[in-house]
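*Asks:* Each chain, letter by letter, is given below.
Number of protein chains: 2
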Amino acid sequence: MSSERLIYLPLGGAGEIGMNAYVYGYGAPDKERLILVDLGVTFPDMDGTPGVDLILPDMTWLKERADRLEAVFITHAHEDHVGAIAHFYRELGAPVYARAFTANIARRKMEEHGHPEDAVLTALPWPETIEAGPLSVGFLPMSHSIPESAALIIDSPAGRVIHSGDFKLDPTPVVGEPFEPAVWQEISKGGVKALICDSTNVFSPNPGRSEIEVGPEIEKLISAATGMVIATTFASNVARVKTLAEAGQRAGRSVVLLGRAMRRMIEAAVETGVLAGFPPVVSPEEATEMPRDNLLLLVTGSQGERRAASAQLARGKYRGIEVKEGDLFLFSSKTIPGNERGVIRIMNQFSEKGVDVVDDSSGRYHVSGHANRPDLEQLHGIVRPQMVIPMHGEHRHLREHAKLAADAGMQSIVAVNGMMIDLTGNAPSVADYIETGRTYLDGSVKIGALDGVVRDRIRMALNGHVVVTVILDEDDEPLGEAWCEIKGLPETGTSRASLVEVLEEDLTQFLMRAGAKTRRDDDKLEGELRRIARQSAMSEIGKKPEVSVIISRMA
Amino acid sequence: MSSERLIYLPLGGAGEIGMNAYVYGYGAPDKERLILVDLGVTFPDMDGTPGVDLILPDMTWLKERADRLEAVFITHAHEDHVGAIAHFYRELGAPVYARAFTANIARRKMEEHGHPEDAVLTALPWPETIEAGPLSVGFLPMSHSIPESAALIIDSPAGRVIHSGDFKLDPTPVVGEPFEPAVWQEISKGGVKALICDSTNVFSPNPGRSEIEVGPEIEKLISAATGMVIATTFASNVARVKTLAEAGQRAGRSVVLLGRAMRRMIEAAVETGVLAGFPPVVSPEEATEMPRDNLLLLVTGSQGERRAASAQLARGKYRGIEVKEGDLFLFSSKTIPGNERGVIRIMNQFSEKGVDVVDDSSGRYHVSGHANRPDLEQLHGIVRPQMVIPMHGEHRHLREHAKLAADAGMQSIVAVNGMMIDLTGNAPSVADYIETGRTYLDGSVKIGALDGVVRDRIRMALNGHVVVTVILDEDDEPLGEAWCEIKGLPETGTSRASLVEVLEEDLTQFLMRAGAKTRRDDDKLEGELRRIARQSAMSEIGKKPEVSVIISRMA
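Chains as they are written, first to last, in the working numbering: chain P, 411 to 965; chain H, 411 to 965.
It should be emphasised that the hints constitute simulated quantities derived from the structure, not laboratory data. Heads up, some of the hints might be wrong.
[Stated by the list, open to error] Computed list of chain P residues with no C-beta within reach of chain H, every gap over 12 Å: (1) Glu414; (2) Ala438; (3) Thr470; (4) Ala504; (5) Glu522; (6) Val593; (7) Lys727; (8) Pro784; (9) Gly819; (10) Ala841; (11) Ile881; (12) Thr928; (13) Lys954.
[As the list claims (entries may be wrong)] Okay, the calculated beta carbon distance ranges per label pair: (14) P:Glu474 to H:Ala907: 41 to 51 Å; (15) P:Pro581 to H:Phe613: 24 to 34 Å; (16) H:Glu732 to P:Arg670: 46 to 56 Å; (17) H:Ile746 to P:Lys727: 49 to 59 Å.
Quick caveat: nothing in here was measured; it's all calculated off a predicted structure. Note that the Cβ used here is the ideal one computed from N, Cα and C, for glycine as well.
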């Protein structure tokens, strides 16, 4: 056995859908030269991460080994693959490679954080390759729901690894490059050690549908509409935005782009040449002067985001434009699990305004960007790798995908975040377990997911907050009574008296009775006051609040 | 025109799915004698109602008119129809009528709240009727996903109204009564003024499927399983529980009921005679002594509820029973929109333990309890009412249902909570707008949704909480420095100094500089301290926290 090894280590994206970050390395154990594939974010929610702005993968392990990091490669420009790039750029200090469109998006992020323009280097597609220490990396164009997505061909002394990136097998993707089986056969000919493979749609039993299929349906819908038409999709789905815009144009409608992400994506796609012949757009100001049945608004907010253009239109106005009875709103998108409440809220707000809402429940106005189960089988069959390592999926997706590969006679393993896999031998084996986690961007501060900050917020949200203040003089005698401040709790409870007064009475009574030993001891006094406040609240309002105790000594 | 009128007033359930509460009345305006149909709850979530235990309809309007309330009728025993009954029993003071199974469930709720046994009266089915002032009410058996669901036939001097309740058109419901078109034709023969009708599935384009269809599929799945089988469904879906149990029995498995709701529902169904021949069950203790491939656990928690049996099994153990690699978990249920996160969490926890999870995505193991679009059309066609008033739906459902009825030549209106509809004339008309809302049961206290209590909790969850304390002496001079207590905020920010220290320094500096006028004025001082704390936090951690200020005067 060689003393050098080829490793794979997911730090994000394996065991979850979001914040992708995959490390590969080659070399002597613990001296491997490393590359990082993707560096994305995931989005917070009120359930588990209230108040958090963005969730980033925990990069501690890699930061501590930044001297061994050769380069970062970004497969495509979705936020869950590129969104964290600027947040870790200084700490990782490695060059970032991406294809032109992705690089354009990544550079905008770098600029916002004050990083240099040349922080992101533009990579040419396969057969061009980039040398990264003992590894050589090529960007193989692959169809997905964003332009210039790529699989990575990672060659090492221990063999070839293919990192699929996010993909679907689309022969006619409208914008961007199609899936080309012949090219995949060609690159797989010499044998592939491991295929690290997108698992998102492993539970979808039918072959995926091409982007081109939605065009005629969208065109029918828009051409039949009589009022204003508003459509939303992921702004980064440039092909869909193009399909929508062209359907609008053919129906004699002027196109208006609403929402910052929508304008930026089209701008990036035009700048980098991936999008040509996009219909002319009119500004929101011009639109307000035009007949509404001549308008097609393409707006951000397909996931019900409260501040996006769609949500603002649903609530009332956006940039001077208002929806009216008889307008049509099209979700040319799928609701990501967990976002249902926000999307449904918007649907009902539009309904209240008399707007007809059409979503993808009929399957006519949206197709997925990920490979379904038969597509995965097809790719496995073309590549015939020694091992399939599922990535980009929750645990259930990885497990199902591993079974699928194993059933077809390939080696596989369920490798979740933090599992370092040795790919050198004939089967994948666990080389190490790395501590991983999540980092929250909270305002301008990065906090660890386990720091307790967000846990305290959730507790206040569930239980309310009582602040108890007592003042003691030089002799540890109470100066006056205890006071309470409550927040997030009802003003009165069972006894119909003021909750604050009940709490203050119980606390003051305790304070007056408390022995000198307790009054001298901050910890003890705090503990007792907390206990009494919780007990008293429990009997009064039937719940135990969070309690903060402030002891002020006049000494 | 008569001086008396027939009115319909939804106080809950119209414009939302949940907390159903519909008032009907007949008499001179503002002197109508009233009945209430259903009195349900809706469930809180972290997004909008953190810490709340239960959401009840706002019954203020009806409580103020309790002297005009003749009776309460409960159509069926789902929580969104019966869940609030005990919470308002004293204040409404009217007799409650329900069919035997529903009454059994309702009585258990009454008992828990210390109300008398006879608070709930058992009604016999149509053609029996109950006189309620000028109204006569009959319970017409109708198929749904719970036993003894009923539509209400409400006869008034102004004509017959049919309140559909929740329903599907199921000729073979396994447990409970089938839909009988002949009976519906018979009751509609004399003309029906208004059909107040379930709208839940108006967007489902295909005819609904019968409960009996899932049996063979479930049986195939369970008989092929090799490890322990765990299945969840709504406990109240007694037919499904029976189908599951019988499939288990035929596969040679002993049935274990896990979760309080599961045991109670089966108990109620057996007690009231709606369920006969249920396979014998074994206790969890007995189950631990048996081979796992001889077991079928029927568990609560189909919606991912954290404390339910399914979630506890997914996390580890429940009542001594543990899942293992090779077990099978079946969701014989649909995930209600908004509950996806919780359900997916459980699926992944089971996946981590090697348990295969099967859900209803194939359509094989679950059928809905509500009428789909063609079923609604069928019922409209049989009843041919003068008016169709959609209920039990979000705004978008009501609107679509109203269009469906109007397209078929019936009068309709979108009537949301608080809209009092006059049904007396040839078309529905809005008679009044009543203020309605939601009441939160929070611990043991009922609070109004707009009281600000929950809003404060959400703010603390999003922004964290800072408590500022200052002490002033008799001359309004600061006694020492200002202190801060923080909760839900990071300990350090941009400057790397302690956030508390930075805040205290800025606040103390202000305090020392503040003029006597400010220091004398509690409101002014509080406002300034809050402003400074927020400003200081913003520059340090990039977010503005909630701030409570405690000013203590030694005077």
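*Asks:* Decide, hint by hint, whether the structure agrees.
*Replies:* A quick look at each hint next to the structure:
no. : hint                             : result
1   : Glu414                           : holds (32 Å)
2   : Ala438                           : holds (33 Å)
3   : Thr470                           : holds (17 Å)
4   : Ala504                           : holds (25 Å)
5   : Glu522                           : holds (14 Å)
6   : Val593                           : holds (33 Å)
7   : Lys727                           : holds (20 Å)
8   : Pro784                           : holds (15 Å)
9   : Gly819                           : holds (21 Å)
10  : Ala841                           : holds (20 Å)
11  : Ile881                           : violated (7 Å)
12  : Thr928                           : holds (21 Å)
13  : Lys954                           : violated (9 Å)
14  : P:Glu474 to H:Ala907: 41 to 51 Å : violated (25 Å)
15  : P:Pro581 to H:Phe613: 24 to 34 Å : holds (33 Å)
16  : H:Glu732 to P:Arg670: 46 to 56 Å : holds (50 Å)
17  : H:Ile746 to P:Lys727: 49 to 59 Å : violated (32 Å)
The earlier numbered hints that this structure contradicts are 11, 13, 14 and 17.
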